[in-house]
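Quick mapping for you: the protein sequence lines, in order, are chains A and B.
Letter by letter, the first sequence follows residues 179 to 406 of the working numbering.
Letter by letter, the second sequence follows residues 5 to 289 of the working numbering.
No wet-lab data here; the hints were simulated from the structure.
Ideal Cβ placement from N, Cα and C applies to all residues, glycine included.
Each hint should be verified, as a subset may be incorrect.
As the list claims (entries may be wrong) - Derived DSSO-like pairs (lysine-lysine); straight-line CA-CA distance at most 30 angstroms:
| hint | chain 1 | residue 1 | chain 2 | residue 2 |
| --- | --- | --- | --- | --- |
| 1 | B | LYS196 | B | LYS266 |
| 2 | B | LYS182 | B | LYS196 |
| 3 | A | LYS254 | B | LYS47 |
| 4 | B | LYS43 | A | LYS254 |
Unchecked claim - According to the in silico footprint, chain A covers these stretches of chain B (three or more CB under 8 angstroms from chain A):
| hint | stretch |
| --- | --- |
| 5 | 10 to 24 |
| 6 | 28 to 37 |
| 7 | 82 to 95 |
| 8 | 119 to 129 |
| 9 | 216 to 226 |
| 10 | 232 to 241 |
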Amino acid sequence: MEAVFSNFGEYLDAFGVTLALFAVSGLASMVLGLVLATMRVGPVSVLRGAAGLYVTVFRNTPLLVIFIFMAVAAPKLGYTFRFVEDVEIAGWNVSAYFTRACIALTLYTSAFVCEGIRSGVNSVQLGQAEAARAVGMTFLQSMRHVILPQAGRAVIPPLASVQIALAKNTSVAAVFGMAEATATMRAFNNNYADQRVQIFLLFALGYIVIVEIISFGSHMLERRAKVA
Amino acid sequence: MAGSVLFDAPGPRTIARHRIYSVLSVLALAGLAALVVLKLEEKGQFEYALWEPFLTPEYIEALLVDGLLNTLLMAFGAILGAVVFGVLFGVGKLSDHPWVRWPCWLVVEFWRAVPVLLSMIFWWMLLSLGDGPLSPLQCVIIALTLYNGAVLAEAFRAGILAVPVGQVEAAYALGMRKTQVMTTIQLPQAVKIMLPVLVSQCIVALKDTSLGYAIGAPGLTYIGEQIYIEFRVNQVPTAIVLAAAYIAVNLLLTLLANWLQKRYVGEKKVLEVPMVGEAHVTQRT
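Based on the provided sequences and hints, a complete structural model is requested.
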């Protein structure tokens, strides 16, 4: 126990990095996933196919292999992302590692976001759209008042699942040198080999708290969006 | 596209408009692909020397035997363990005794919420590092068994609950005991509903075996690393070959899952297991 409590600052910093990875790639994956989902359910068959190919490729590749692409293969092509280290926003700047980790996580997660949104849209019953057209609504009206509200409700649970998976997947960044929670657990273990079980449980607890917060948030959203 | 929620069957003018969009997006995608190819060409990534290991029999053998075979072994071992774990804890979560139900719930929720890599590193440090009794490969199997087992436990529980209640009532009416009802009536029918989940969990396990790389367990990714460390220059081709290998195996498993869904479950019922909370069977429309 005291391994963690006497280094509590480091413990918190580690989860800070985990949360930062999660926040940046979470937002980015939602944006990219939304774009992909729009292509995937849209009327242009070429874009449908392209988005489908993206989803198939990234969903079936292990996250670790995508990390190898970003951390090991991309520098060989001249993409090191070192330039981000010169950018400073309000006294903060990020490392090239962090950027590469976020890109890998975003590329991987957005495939799942796309599938989540698509299944949400598909869960709206056809009759709803037909009824909207039958009462004379235009495309935008039926989207605004009929389809999107129902689809929005239906996408909350799958998207929450995807984001929880992402929060856990940030741990893979540890393999390529990010000092986030999993890497820090490993470092603690090297210094306090006799307290392995306690250290593991405390780090697991950190992840469980994050997961439960996301899950609680999605339940609140679901309740607010629920009708009747 | 007829039958879409989002838009009507297009008329002639819309079809013409869509044709323009199609041409534009083909151009954009072709441009993107050309950019990638040109970049690879510019950095000399198509040179034969870089790809040679993947055409040399001994390296192909290393990739297939030491790599793919170990990867499949880990995934297979993990899924076997996970099924046992899943049945025990899934049934345990449905127990009538609170002192069985709550510990099972706790164990399942714990292993579902903990990242696989964290638990893998933990088991490795506890049981393998230094002169521990287990090999890294066995630690990978332990970590994956616990995670996938926890997911399958939830799937089993939901599958058992999805068996129509009349079946259970009929069994009790015939005078069967609780254990008999579970083993002869509920479980066999639950397995049918959750077969597709089982196969998709195989895909998850197979992908997660690559994390064994972090603790030095043999597998496809590990062999890939050995190859690019040995040759020092062919990181890009190695990454492409690795991704292709995983995608090929996973697509085969996806085909199997779809076939099982059609054959044994039908189009309508889909078992969904979210990352936290309770799984449930939904009617697909």
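Status of each hint after checking the structure:
no. : hint                : in the structure
1   : B:LYS196 x B:LYS266 : holds (11 angstroms)
2   : B:LYS182 x B:LYS196 : holds (21 angstroms)
3   : A:LYS254 x B:LYS47  : holds (8 angstroms)
4   : B:LYS43 x A:LYS254  : holds (11 angstroms)
5   : 10 to 24            : holds (count 6)
6   : 28 to 37            : holds (count 3)
7   : 82 to 95            : violated (count 0)
8   : 119 to 129          : holds (count 8)
9   : 216 to 226          : holds (count 3)
10  : 232 to 241          : holds (count 4)
In the structure shown, a violation is registered for the earlier hint numbered 7 alone.
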